[in-house]
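Visitor: Chains A and B, in that order, give the protein sequences. Our numbering applies: residue 523 is where the first sequence begins, and numbers increase by one. Our numbering applies: residue 70 is where the second sequence begins, and numbers increase by one.
Just to be clear, a hint being listed does not mean it is correct.
[To be verified] Derived SDA-like pairs: lysine to any residue, alpha-carbon spacing no greater than 25 Å straight-line: (1) Lys-132/B to Asp-578/A; (2) Lys-111/B to Gly-618/A; (3) Lys-579/A to Gly-98/B; (4) Lys-170/B to Gly-585/A; (5) Lys-128/B to Lys-579/A; (6) Lys-593/A to Pro-561/A; (7) Lys-128/B to Ala-617/A; (8) Lys-132/B to Lys-531/A; (9) Lys-128/B to Asp-578/A; (10) Lys-531/A to Ser-152/B; (11) Lys-126/B to Arg-631/A; (12) Lys-148/B to Gly-162/B; (13) Lys-138/B to Ile-619/A; (14) Lys-170/B to Asp-578/A; (15) Lys-579/A to Gly-162/B; (16) Lys-126/B to Lys-531/A; (17) Lys-111/B to Gly-575/A; (18) Lys-126/B to Lys-579/A; (19) Lys-111/B to Asn-552/A; (20) Lys-579/A to Gly-101/B; (21) Lys-593/A to Val-634/A; (22) Lys-170/B to Gly-580/A; (23) Lys-531/A to Val-634/A.
[As the list claims (entries may be wrong)] Here are some of the chain B residues that sit facing chain A, going by a computed Cβ distance under 8 Å: (24) Gly-98; (25) Phe-103; (26) Arg-106; (27) Pro-109; (28) Phe-141; (29) Ala-146; (30) Pro-149.
Note that these hints are calculated values from the structure, not bench results. The beta carbon of each residue, even a glycine, is placed where N, CA and C say it ideally should be.
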Amino acid sequence: NAGVTQTPKFQVLKTGQSMTLQCAQDMNHNSMYWYRQDPGMGLRLIYYSASEGTTDKGEVPNGYNVSRLNKREFSLRLESAAPSQTSVYFCASSAGIGPNEQFFGPGTRLTVL
Amino acid sequence: EDQVTQSPEALRLQEGESSSLNCSYTVSGLRGLFWYRQDPGKGPEFLFTLYSAGEEKEKERLKATLTKKESFLHITAPKPEDSATYLCAVHPGNTPLVFGKGTRLSVIA
């Protein structure tokens, strides 16, 4: 039982390049989330998926797209990376969108030059 | 607007020196308050959920309490392994969690 897994762990991009961050969970959870964490800013929600087939914007969605591929997988895409997107990205999942605990992955550290 | 404010930003304690971390919140309708621990380079790890004012939960040296405006995370006789960033989050109705910026705790032997 791996919980929430994320790939890659580290990535360096040049401005304008694109990439997709992958996330998978094996807990049969309905809801999945993407956050970014920056020094002094805390965790900020980018996008979330309350259930398979639905996605919604969070606090900071600009410059990102997401895909809920199936119940297990939720990907985050940067179409044209910018230095402002340098951050640590966390994926999380929970049983539902209600007041349920979220389980977090280990994170992806992304640097955009 | 839903807001979560944690204080202090950083706290340095001697081993065995008990203290408390504060999480104050303003939300339209609180459905739950969560505490997480985050070690450097890792994802947050769930500690507690509190649902209503007056509720308390304990785990080893940690005790979380909740009032209508704030939550406290009490750390009794901390050890160096308790050093981490502690995050507070609220669930304000039908939207996902809103996180505070965290308190960075250092416990010195």
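Visitor: Tell me, which hint numbers fail for this structure?
Guide: 1, 5, 6, 8, 9, 11, 12, 16, 17, 18, 21, 24, 26, 27, 28, 29 and 30
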